Amino acid sequence: MRKLSFDSKFEIIRFSVAILIALLLSFIIILLVSDTPFLALQKLYLGPIENLRRFGNVIELAITLSFAGLSIAIIFSSNEFNLASEGAFYASGAVAAMFVLSNSLPAIISPFLSILLGGVVGAVIVTIPAVLKKKWGASELVSSLMLNFIVLYFARYFINNVFKDPSAGYNATYLLPETAKLSKIVSGTRIHSGLIILIVTVIACVLFMEKTKWGFELTQVGRNRQFAKYVGINTSAIVIMSQVLGGFIAGVGGAVETLGMYTRFQWQSLPGYGFDGVIVAILAKNKPRYVPIAAFFLAYIRIGADKMATSTDVTSEMIAIIQGIIIMLVAATAFLSNTRQKMLVKEVRNNG
Amino acid sequence: MKDILRMENINKIYPNGVIANNNVNFSLREGEIHALVGENGAGKSTLMKILFGIEKPTDGKIFYQDEELTIDSPLDAIKYGFGMVHQHFMLVESMSVAENIVLGSEPGSSWNLDSSIQEAQAKEIIDKYHFQINVKEKISDLSIGLRQKVEILKALFKGAKILILDEPTAVLTPQETVELFEQLRILKAQGHTIIFISHKLTEIKEICDRITIMRDATNVGVYDVESVTKEEISDLMVGKSMDWNIHKTPAISGDTLLEVKDLTVLNEANIPTLKHVSFKLHRSTILGVVGIEGNGQKELVDSITGLTKADSGEILFKNELINSMSVNDIRSLGLAHIPGDRMERGIAADSSIEENMFATYTNDNKLVNKNFLKTKEINKWSNNLISEFHVKASSSNVPIKMLSGGNIQKVIVAREFTSNCDCIIANQPTRGIDIGAAKFIHKKLVELRDKNAAVLLLSADLSEIKSLSDSLLVIYNGQFVAYFEDASKVSEEELGKYMLGIEKQTELEIKRCER
Amino acid sequence: MDNFLSYLIDPEFLYSVFRVTTPLLFAALASVVAENAGASNIALEGIMIFSALFGAIGSGITQSLTLGLLFAICGGLIISLLLAYFALYLKTDIILSGIALNTLASGGSVFLLYVILGDKGSTSALQCLTFPTINIPIIENIPFVGEIISGQNLLTYIAFIMVWVVFYLLYHTKLGKYLRVVGESPQAAESVGLDVRKLKLTALLISGVLASLGGAFLSMGYMSGFSRGMVSGRGFIALAAAAMGMLSPVPTMIAAIIFGFADAVSNILAALRIPDEFVKLIPYLVTIIGLIVFSQIRSSSEKKRRKKVLSST
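Chains as they are written, first to last, in the working numbering: chain H, 1 to 352; chain L, 1 to 515; chain Y, 1 to 313.
In short, the hints are calculated from the structure, not lab data.
Computed from a predicted structure; not experimentally measured.
It is possible that some hints are incorrect.
[To be verified] Cut-off 30 Å, straight-line C-alpha distance, at most; resulting in silico cross-link-like pairs (DSSO-like, lysine-lysine):
{"id": "1", "chain 1": "H", "residue 1": "K211", "chain 2": "L", "residue 2": "K366"}
{"id": "2", "chain 1": "H", "residue 1": "K287", "chain 2": "Y", "residue 2": "K91"}
{"id": "3", "chain 1": "Y", "residue 1": "K307", "chain 2": "H", "residue 2": "K135"}
{"id": "4", "chain 1": "H", "residue 1": "K211", "chain 2": "L", "residue 2": "K374"}
{"id": "5", "chain 1": "L", "residue 1": "K401", "chain 2": "H", "residue 2": "K346"}
{"id": "6", "chain 1": "H", "residue 1": "K9", "chain 2": "Y", "residue 2": "K91"}
{"id": "7", "chain 1": "H", "residue 1": "K342", "chain 2": "Y", "residue 2": "K307"}
{"id": "8", "chain 1": "H", "residue 1": "K134", "chain 2": "Y", "residue 2": "K91"}
{"id": "9", "chain 1": "L", "residue 1": "K248", "chain 2": "L", "residue 2": "K401"}
{"id": "10", "chain 1": "L", "residue 1": "K380", "chain 2": "H", "residue 2": "K287"}
{"id": "11", "chain 1": "L", "residue 1": "K511", "chain 2": "Y", "residue 2": "K307"}
Chain H on its own, in the form it takes in the complex (with noise of 0.2 Å):
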C-alpha cells in the first residue's frame, strides 16, 4: 500500500473528529429535549437501516443530494461562491415537467429530452451570475442569491398558473404522463432510474476533473488564479465553462428528481438542494468521487431524522444544527491546527 502523505493522514484525523463532534452534539440536544431520548437516538442512527423500504428512501435522496453535490464541487472548483444552482433545481424540475405535459413523445425519449432540457435550462441559470461578473465585476454570491428568487417566482407562475390542475386541489401540474416518468428500479422502494443517470455523471464528472485537460486547468484556476493566467490558462474561459458544467448537473438533478419522485409538479418554494450542494461539496472536499459518499452520509442522517421525528417529539429540523456544525468545522483550516503543528515538527526533527 502506498504511504499516506503527511497531510492526507492529517486530514483523517480532522474528518472523524469533526464527525464525532457534531454526533456528540446531536446527542447532547436530543438528551435536552426529548422525553424519550433514547428511542429517538435508536431511530436517528438505526432508522434508515431499519427496512428496505425506509433504506430506499436514503439511496432516493442520496441521488438528489450527488447531483447537486456535483454541481456546487464543479463550481467551487473555480473559487466562485456561485449559489445558483439552487434556482437550477427548481427551475429545471418545474420545466422539464411542462416539457412533458405539453407533448406526448413515447417513453425513454420523453424522459430523456425532458432532463436534457432540464440540464440546459440550469446550465443557462448558473451562468447568468458568472457572465454578470465577468461583464460588470457584479459579486456572484449576492447576484446568485437574487437570481434564485427570481428564477422561482417566474417558473412557479407558469406551474400555477399555466400548468395547473385545478382538480388537484392546491397548486400542482396536470399529472405527469407514465411514459415521461423514470421506471423504478428495485421493487419495494421508489429507487427511480436516475441513479443510473447519477452513476454515469459520477464516472462522467471524475474522469472530467481528473482525466481531462479543462479538469486539470479547473483545478488550477482554482487552487490560484494568478497562477493559472501565467501559465496561460484562459481562466475566465474555465470559470464560465465550470458554471456551465454545474448549472447543467444541476439542472440534470431537478429534472431527475421530478421525472423520478413525484406524480405532479408541486415545489412552492427553492427546494434548498443547492445549499444541501454545498454541504455535500464541502464533505466531499470538492472532488466528484468522494461526492456519493457525501451525499450518503448525509441522506442518511437526513432521513434518520424524519424517521426521529415521525416516532417522537424531536423534529427533524435539529439535523440542521449537526449538518452547519460539521461543514464549518470541515472546512475550518485552524480546526486542530495545534496538533497538526506538534505532529509536523515531530516528523521534521524525527526525519533529521
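Fit chains L and Y to the known structure of chain H by using the hints.
Positioned in the frame of chain H, the structure of chains L and Y alone reads:
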C-alpha cells in the same frame, strides 16, 4: 558596553516544514547600529519577526535588560519599547500622516476623535527628531521615502528604544538614503538602538557599528564592522567566495526576436510605471535589465508575457504584434517566463510537483491525447524532469509547497526551459535559492543562449547579472537610463550610479539598444 | 396605469416605503460595519431569522417589549458569535461559514419553535408584542409630509438614526478608525499592536446587533409574531444594498430605500391583480439590476480615469 538585548537558542519551524531559524543567538548593545545580514531565506526576517512578536518561536528565550520576556504579539514588543519598520510599509493609505503616526495610541477622547490634537502631537514628534513632513497629507499621496519616515515616526511615537529597520534602503533613491542615514545618526545620538537589516555592504560599512551574519537559518558570526572587509562579509554570507564563475563564449548576436516600441504601462493605481520604453532582443544573446525593484521591471515583464495589456506602444515577437494576444498564444509562439514572484504566481502551492510542471503542456500531443491526459506518460515525463533538473523530492506527487525555495525554482525552470522556447524572460531566477541551484540555473540559461535562443534577464544581484548578461540595460523610474553593449566592461559602482538615477546616458547612447 | 401612478404619490404608499425599508436598512448597516472591518457577514439572513424568532417568543412569554428586544438581540448574537468563532478562530472561510449558518438558522429556528411552542410554522400560539408607532408633534400636522414621516414604528426611526450612529462610529471614534484600519490594511493594524481578530469580532458583534434590530422589527413591528420564511432573502438584499452604497452609511441608506421602494411597489401591484409571482420577484430583480448598474458605473469611471492619466503622460 553591555548587552541590552539577547535572543538565545531561537528555533523556528514553519507550518510547511521549513526550518527558518536553527539555534540562533543574537545580541544587541545599547546605542549601537547593528547590521543583520544574510541572503534571502537565511532567516534574518524570521528572527526579527520573532523579536517583534509577529511569529512565535518554536523554542528559545529572549532577554531584555537581563529580564526574560515573553513576546506574544507586536503589542508586547511595542510595550517593551521595540519598533519595527517593515520592508513593505504597514500604513493605511486612505488616512493622513498624523492619523498613521498616532495609530494605536490616539490622544484625546476615544469616542470623539479630535484631529487637531492628533496633528499637534504628530507634529511634536516630527520636530523632536528633525523630520520634515506635512501631517495632513494622505499616505497615498506620499513618495516612498516619506512613507518610510512615517513608519519610523510611528515607532518613535510609541516610545520605541530599539528600532528594527528591514532593508530600509532597498526602496530608496540615493538622496533619500543619505537623508535616512542622517536621521539614523540623530536617533543614535539620542540614545536609540537600531537593528539594520540589509545586504548592501557599502551602506553597512558606512553606518553600522557591529554586524551579525546569518546563513542557512544559523548565525555564522558577529563582528565589529571596522574589523571585517566587505569581501569577508560576503564570503560568510554565501559560504564561499561569490565569484559566479560563469563559463560562456562571447555572444554572436543573431536576428531580432523581440522588439519593444514606445511601451507605456500604468499600474493598478493608474500611475505610469513604464514610460515610452523601446529595445530589441536578439537571438543568441542574454540581455540583462538591472535596476532597483519597483522601477518598472514588473510591468515590463508582465506586458511582454501578456499578463497585463500595455496601455500604449507595440511589442513584436518574431515580427508578430503580441500586444493583445493571450498568454497562451504568446507562449505557443515560443516565449517562456520565469516569474519574479515565485510563490504567488510561479506555482500553485496546493498542486503537486507534476501538476505544476504539466501546467504549460496541456496542448502537447505527447502528453495529451485529444484533451485527455495521458496520465502514465505525464508521470514518466515529470519524473524524468525531476531527475534531469535535480529536484530533491520523493515523488512527483508531493505537493510543491513541501519543497524548499531552491527546489521550487528548479521545478519552475524545468517547466519553462523544456518548452521548446526561443525566448525566455527570466525575472530574478535565482533569488533566495541556494548556490547549487543558482549555478545550475545559470548553466541552463547559457545553454539556451548557445542553442540560438534569446534571454531577457532581470536581476537585482549585480554580480549575477553582470557575469551572466552579454549586454545590459539599466532601468530607473520606468525608463532606461543606460545601455552597455558589453556587460563585462562596466563596473558595479558605475551601474549603481545609474540604478540610483544619479547618472544618465544621453538619449543617443541609450538608443543603441534599439538596434 | 393611471391608477398605478396615483398609487405612487399616495402618502400611504410613501409611508409604506419607509416601513419596508426598515429591516433592509438595519441589515445593510450591519453589512457596512462588518465589511468596513474586512469581515463579510453573509450570515445576516440567519441572524435576522434567529432574532425575529427570539424576539417574538421573548416578548410573548415575558409580555415585556424591552425583554423581547433583548431576547431578539441575544438570538441574533448567537449566530454572529458562531460566525466569529468559526471564521476568526477556527479560520473557516467566512463566506462558507455564513452560508452554513444561514442553513443552520433556518432549520434551527423551526427546531426551536417546535421545542418551545410545539408548532412548526409560527408563534401564533403566543400573544407577541409590537413596538409602538410614534407621532411626531408638529410634523404630524403638516399635510402629506406628516402622513409619510409621522406615525412610523419606533424601530423605523431608530433605523434612520442608526445611519448617523454608524457614520459617527466609523469616522469619529477610535473604535471606528481601528475597524477601518483592520479592513483596509490588517498589516498596518498588527504593526501597531492592534488585535485584528478582536476588532473583527467587535465588528461582527456590532453587525449582529444591527441585523438583530432588523429581525426584531420583522416579528415585533412589521408583523406581530414570527412565521417561517418571514425574512425571505432580506439579509441577501441588504448585502447588495451595502455593496451599492460602497460600504458608506449614507449612500447605503439610499440604496436600501431604492430596494424598499421596489418592495413597496410590489405590494401595490399585488392590489392591481398582477400575478403574485411577478409581484414577488420585483425586489430581487431591482436588486440585481441595481448591482449591475452600480458595478457598471464604477468600472467605467475607472476606465475614464485611466485614459485621462494616459493622455497626460
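Handout entry: Pair hint outcome, K211(H) versus K374(L) [Cα-Cα no greater than 30 Å]
Key = Judged against 30 Å, a Cα distance of about 8 Å means the pair holds.
Problem - Straight-line alpha-carbon gap K134(H) to K91(Y), limit 30 Å - result: With a Cα-Cα distance of about 28 Å, the restraint between K134(H) and K91(Y) holds, given a limit of 30 Å.
Handout entry: Hinted pair K380(L) and K287(H), Cα distance within 30 Å
Key = Between K380(L) and K287(H) the Cα gap is close to 25 Å, so the pair holds against 30 Å.
Practice task
Take a quick look at whether K9(H) and K91(Y) sit within 30 Å of each other, Cα to Cα.
Solution key: holds (20 Å)
Exercise for the section: Given the hint that K511(L) pairs with K307(Y), test it: the Cα-Cα distance must not exceed 30 Å. Expected result: Holds - the C-alpha atoms of K307(Y) and K511(L) are around 28 Å apart, at most 30 Å.
Exercise for the section: Would you mind confirming whether the straight-line C-alpha gap from K211(H) to K366(L) stays at or under 30 Å? Expected result: Since the Cα atoms of K211(H) and K366(L) sit roughly 15 Å apart, the hinted pair holds (cutoff 30 Å).
Problem - Proposed proximity, K401(L) with K248(L) (alpha carbon, max 30 Å) - result: violated (34 Å)
Handout entry: 30 Å limit on alpha-carbon distance, applied to hinted pair K342(H) and K307(Y)
Key = violated (54 Å)
Exercise for the section: Take a quick look at whether K307(Y) and K135(H) sit within 30 Å of each other, Cα to Cα. Expected result: Holds - the C-alpha atoms of K135(H) and K307(Y) are around 19 Å apart, at most 30 Å.
Handout entry: Pairwise hint evaluation, K91(Y) against K287(H), where the allowed Cα distance is 30 Å at most
Key = Measuring from Cα to Cα gives roughly 21 Å; hence the hint holds.
Practice task
Decide if the proposed pair is consistent with the structure: K401(L) and K346(H), CA atoms, cutoff 30 Å inclusive.
Solution key: Holds, because 19 Å separates the two Cα atoms, which is no more than 30 Å.
When each numbered hint is compared with the structure, violations occur for hints 7, 9.
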